[in-house]
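Turn these sequences into a full structure, and let the hints steer you where they fit.
Order-wise, the sequence lines are chains X and C.
Those letters in the first sequence? Residues 1 to 192, by this note's numbering.
Those letters in the second sequence? Residues 193 to 453, by this note's numbering.
Derived by calculation from the structure, the hints in this document are not laboratory data.
Here a beta-carbon is modelled for each residue, glycine too, at the ideal position from N, C-alpha and C.
Restraint-style ranges between C-beta atoms, simulated for each label pair:
1) X/E88 to C/R352: 38 to 48 Å
2) C/R235 to X/E88: 37 to 47 Å
3) C/A226 to X/E6: 36 to 46 Å
4) C/A199 to X/T152: 27 to 37 Å
5) X/E88 to C/T219: 38 to 48 Å
6) X/S71 to C/Q384: 22 to 32 Å
7) X/K68 to C/K388: 27 to 37 Å
8) C/V411 to X/D117: 24 to 34 Å
9) X/C162 to C/A252: 21 to 31 Å
Calculated pairs, EDC-like style, for lysine to aspartate or glutamate (alpha carbon to alpha carbon, straight line, at most 20 Å):
10) C/K388 to X/D18
11) C/K388 to X/E42
12) C/K388 to C/E255
13) C/K388 to C/D376
14) C/K388 to X/E51
15) C/K388 to X/D44
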Amino acid sequence: MTWTDEELVARSIRGDADSFNELILRWERPIFALAYRQIGREEDARDVCQETFLRAYRALSGFRGQAKFSSWLYRIALNLCRDWIRRERRTPVVQAPEDIDLVDLAAAQEPSESIEDLVARHDLSRAVERAMALLPEEQRTAIVLKEYHGLTFQEIADLVGCPLSTVKTRLYQGLTVLRRELAKNGRVETNL
Amino acid sequence: MTDQACAFDGDREQTLIAYMYDDIAPTDRAAFAAHLTTCVRCRGELHALRAVRQGLTQWAPPEPLFAGRSSAATPPVALHERRARSWREVPVWAQAAAAMLVLGISAGIANLNVHYGADGLTMRTGWSKAQPAAVVETSGRRDVTLTSAPWRDDLAALERRLRSEWQSSDAAARPVLARSTASDDEVVRRVQAMIKESERRQQSELALRVGGVMHDVNVARAADLARIEQTLGAIQNTTGAELMKQRYQMANYLSQVSLKR
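Set out below in structure tokens:
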């Protein structure tokens, strides 16, 4: 039987540690992905992910279910990312190496994909990562939550604590910057 | 295109974003769709921003170290299958390149010595020439025997050991997790232990995977050695036939010259 997040939380509060383990297994990848896209360092993103679950576990009894468990986790993770950025006083880094490792690259190749397409995809990924690192934190957060985690405008607004209209504006501004940056490398159209 | 006029009545940027993400009230959606039919600027910008979103899909975070852990979405069996599939999905050219690299290194380590002389093609391996068992005569029956049996045993032993460690660690972790009435510090320690345990298991799985990959490479090496040997034999046969042909032509030429004299 598959339990909902909220049911697993309730079971964890009653003392079923396996239920919390299940929540970790269910959410560690999304939380890691969120942290990585926010701060750009794999090891630090892993630390943030681990700390997120530790804090969630400590505060589990205080979780009343006003929001979804995932939103609650996202909020903890985003706060930790914000702390990291302030502590390190730097913008997200682009960690990927300059040279292409053909063996690593080949492992990511789709069955029907040519080598040229594969390299182009890799280059585009790097260009996106670099462009995202240029964005202000608020715009990057809005884009990451919308594009990669599929949150609604309202959910993002609740999560980051701003009006719904601000979320849309941040998305528009962030996407426009990305469009300009990607256009510099010929990645998207330049008809601004 | 930015200098093109847009007569949209409302917050254009916010409506454009809401329309693009389809997170918009039906009436607003219909109104903006109607506006798009007449506004080149909004149409162009919508198209460009959709292209940016398409580009964003290409940015994937790296696989975290805890990737091998089972989850509801990816049960353990599926993970094993995925690991095996990920190696099979490596393109043939990359596998061939890896096999050739291993072959070259192996030849260097084995001191492979290929000699073509009056006795035909001779392949010798090993650092001590006093061991006749390492000599392969291509003119005779070829019998390449690889020392794969001990290697398989080692791999199997490693796999057994790792799996038994996982099982024992699982058994050890459950009772610890079952107690839930301890203090906050105790709880934090438990979760940390759980995460550490998971990381340790991940490392073990990685070791097992590396072992599996090495085994695959070894098998590929054996197949390549056999193929090279066959190719060399074919080359030798072709060369011998060519020499015979040239000798025959030379003899024919000499006999014709002597007849003319």
